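Same order as they appear, the protein sequences are chains A and B.
Take 1 as the starting number for the first sequence in the working numbering and just add one per residue.
Take 1 as the starting number for the second sequence in the working numbering and just add one per residue.
Hint data in this document are derived by calculation from the structure and do not stem from the laboratory.
Quantities reported herein were computed from a predicted structural model and do not represent experimental measurements.
Warning: the hint list may mix true and false statements.
Claimed, not checked - Reference excerpt, derived from the structure (chain B facing chain A, CB under 10 Å, subset only):
hint : residue
1    : Y75
2    : F400
3    : L401
Note that CB positions come from ideal geometry on N, CA and C, so glycine has one too.
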Amino acid sequence: MLLEQLKEAVINGDQDELKVLCGRVLDEKFNPVEAVQNGLIKGIEELGRLWTEGEMFLPDVMMGADVLKLALDILGPELAKAEAAGIKRDVKGRIVIGTVKGDIHDIGKNIVSAMMTAAGYEVHDLGINQDVAAFTEKAEEVGADIIALSALLTTTMPEQKKLVEHLKEKGIKEKYKVIIGGGPTTQDWANEIGADGWSETAGGAIALCDRLTA
Amino acid sequence: MASQVSLRVLSEDGVQQIHDSSLRLLQEVGIEIEYEPALDILRAAGQRVDSGRAYFDPEYVQKMVAQAPEQFTLYARDPKFNVEIGGDNLVFAPGYGAPFVIEKGKRRASNWEDYMNFLKLAHVAQDIDISGGMLVEPNDLDDRTRYLDALYAHIRYSTKCPMGSSYGAEGANDTMGLLSPVFGGRDALKAKPAVITLINTISPLKLDARQTGALVEYAKMNQAVIIASLVMAGSTGPATLAGCMAVQNAEVLAGITLAQTVNPGCPVVYGSASSVTDMHSGSVSIANGEAGLLAAAAAQMAKFYGLPSRSGGGLTDAKTVDGQAGYESAVMLMSPVTAGTNIILHTAGILQYWLCMSFEKFVLDAEIAGILRRFKRGIKIDEDSLAVEVVAKVGPGNHFLNQMHTRKHHKTEFRKPLLSDRQSYEGWVAESLTAEDRASQVCRKLINAYQDPGLDQSLQKELQSYIESRKEELLK
Numbered sequence: 001m002l003l004e005q006l007k008e009a010v011i012n013g014d015q016d017e018l019k020v021l022c023g024r025v026l027d028e029k030f031n032p033v034e035a036v037q038n039g040l041i042k043g044i045e046e047l048g049r050l051w052t053e054g055e056m057f058l059p060d061v062m063m064g065a066d067v068l069k070l071a072l073d074i075l076g077p078e079l080a081k082a083e084a085a086g087i088k089r090d091v092k093g094r095i096v097i098g099t100v101k102g103d104i105h106d107i108g109k110n111i112v113s114a115m116m117t118a119a120g121y122e123v124h125d126l127g128i129n130q131d132v133a134a135f136t137e138k139a140e141e142v143g144a145d146i147i148a149l150s151a152l153l154t155t156t157m158p159e160q161k162k163l164v165e166h167l168k169e170k171g172i173k174e175k176y177k178v179i180i181g182g183g184p185t186t187q188d189w190a191n192e193i194g195a196d197g198w199s200e201t202a203g204g205a206i207a208l209c210d211r212l213t214a
Numbered sequence: 001m002a003s004q005v006s007l008r009v010l011s012e013d014g015v016q017q018i019h020d021s022s023l024r025l026l027q028e029v030g031i032e033i034e035y036e037p038a039l040d041i042l043r044a045a046g047q048r049v050d051s052g053r054a055y056f057d058p059e060y061v062q063k064m065v066a067q068a069p070e071q072f073t074l075y076a077r078d079p080k081f082n083v084e085i086g087g088d089n090l091v092f093a094p095g096y097g098a099p100f101v102i103e104k105g106k107r108r109a110s111n112w113e114d115y116m117n118f119l120k121l122a123h124v125a126q127d128i129d130i131s132g133g134m135l136v137e138p139n140d141l142d143d144r145t146r147y148l149d150a151l152y153a154h155i156r157y158s159t160k161c162p163m164g165s166s167y168g169a170e171g172a173n174d175t176m177g178l179l180s181p182v183f184g185g186r187d188a189l190k191a192k193p194a195v196i197t198l199i200n201t202i203s204p205l206k207l208d209a210r211q212t213g214a215l216v217e218y219a220k221m222n223q224a225v226i227i228a229s230l231v232m233a234g235s236t237g238p239a240t241l242a243g244c245m246a247v248q249n250a251e252v253l254a255g256i257t258l259a260q261t262v263n264p265g266c267p268v269v270y271g272s273a274s275s276v277t278d279m280h281s282g283s284v285s286i287a288n289g290e291a292g293l294l295a296a297a298a299a300q301m302a303k304f305y306g307l308p309s310r311s312g313g314g315l316t317d318a319k320t321v322d323g324q325a326g327y328e329s330a331v332m333l334m335s336p337v338t339a340g341t342n343i344i345l346h347t348a349g350i351l352q353y354w355l356c357m358s359f360e361k362f363v364l365d366a367e368i369a370g371i372l373r374r375f376k377r378g379i380k381i382d383e384d385s386l387a388v389e390v391v392a393k394v395g396p397g398n399h400f401l402n403q404m405h406t407r408k409h410h411k412t413e414f415r416k417p418l419l420s421d422r423q424s425y426e427g428w429v430a431e432s433l434t435a436e437d438r439a440s441q442v443c444r445k446l447i448n449a450y451q452d453p454g455l456d457q458s459l460q461k462e463l464q465s466y467i468e469s470r471k472e473e474l475l476k
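Excised from the complex, chain A in its bound form (with noise of 0.2 Å):
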């Protein structure tokens, strides 16, 4: 019933249920793994099949998945405990993404990360205007299996092809799968900089990590 409502709460993008709801998780010290995995979870993925059907727009999925952020937020500390002890939830994969230095459009990107949300992947959303830096200490921290960069400017894009080489620098490209987006980005763009892939639309963008992580 818990796992139902939780459920209910992400496909209702209803933070205030949501709030109750994880007082709840905690209060009767329900498994956390559990209600994020079988109840916060199934709702993120239902929305991504319901958008992917054309039965649910942009702003259902983005509520849930900021609904989803935040019981991540409540219940972080259980998590996290309850990770030390050993029981682990399942991620799909753990991405990193973020705008690049000097470009603060957003809008994208941030859709692109709702859908990532939504079809089960664990996102570190660094915001706008990051450096390179930036993106690789987020992902080492965290153990990201893919970086993503967004970029709308023609003046902006060289910032992609800086990150590919500051980690070849640093000897660590092959931990990570790059890729890029943006209005003004191409495949050809992504391959002579040697990016892993590049997709168009957020759509895509999903099916290019399902691949990458496959």
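Fit chain B to the supplied structure of chain A, relying on the hints for placement.
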């Protein structure tokens, strides 16, 4: 709430001057009417009739026109498809009467299979409100009796309102003969009009026997008629748009005066299909700026008389589903919709100045109709829609994609396209489909989605035996 979207192409004074000119034409030049019973009716009502021409008294015309309703309901077999014609309402009707079908740029004679497919499309298409009339000519059926088969198909296979036959008094009476049993008998039909018929004048200043005969019969039975004039400026009317309007207006007022003399208060629609002549070839050109003006002006004249109006359509002179077909049709639909035209015939499917129908074009036009229905709805303004609260909540530089306000309102504020491609280049290039390709796919999907609404077995038998006995008479 009345739509605030309102295109006006004539000044109040301009409307008055057109009106005055038309009354002068009606009184001084008169209208030639090739139907003796109509001349008798007008003579009995005190109008001067001489050598087949009726000369109308201006005051009489105005009195008759004033009797016509500003708005009326057209009753469908399924009440959810009832339509309101007049006022601020907008009704889209499919293409009508083309003898050809164009597929991938190739023209051929249309047939019964095409007819049935267009009927299914019209029934299923969300933005097409009535099932229409002679959707395409079924050239493979006997031309003396095909109107019976065509009408039966509408009644049997669609529950939206059909259009009637204008094939003389006989065609009108057969139309009503077939509809009566379905709508509970003649009295019930008379009380609740269930069919609308296109009655065309002959420009300049003429009403022929066939159309007038049908007009009189429908008026007697209180069924709706569109009295429409098609002046081709430069050939069947003056080259000036004002002169063209005056001629059109005189013809339409004559038809309406006749209908209101026959049956005061019967439902009539002020119709216009006027356009210009291509002065090189002499052919009609039905989609251009001039035609757009005439379509909007017709709506304005109708409002001046307090009448429902018909003008415009998904019109084009193009021979295939190309850019010209798209831009001309968009203009010829946008003009009447924004001017407040109430029923738009030929909304979907037309190519080559009404001569051809195209399945792909039907879908393309239905998309334009959907877009324009949204356009006409206008911009809703209230506290919730002004959204100050949510803007304050989101604040500068952030986005609205994760707001409940967005989640709730986008579904009603935005229309979801049926056909338009909004994909990324990556998504589009995978199949590289043009609008015509996609329309072909949507068309198949719509036709496959058609479900037979059914009709009572005994009614089917009754209508079929009516048709059989009529065919025996007509084919004798």
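A quick look at each hint next to the structure:
1. Interface restraint check for Y75 of chain B: the shortest CB-CB distance to chain A comes to about 35 Å, outside 10 Å, so the restraint is violated.
2. With its C-beta approaching chain A no nearer than about 8 Å, F400 of chain B sits inside the 10 Å limit, and its interface hint holds.
3. At its closest, the beta carbon of L401 of chain B sits 5 Å from a beta carbon of chain A; the interface hint therefore holds under the 10 Å criterion.
Violated hint: 1 only; the structure is consistent with all others.
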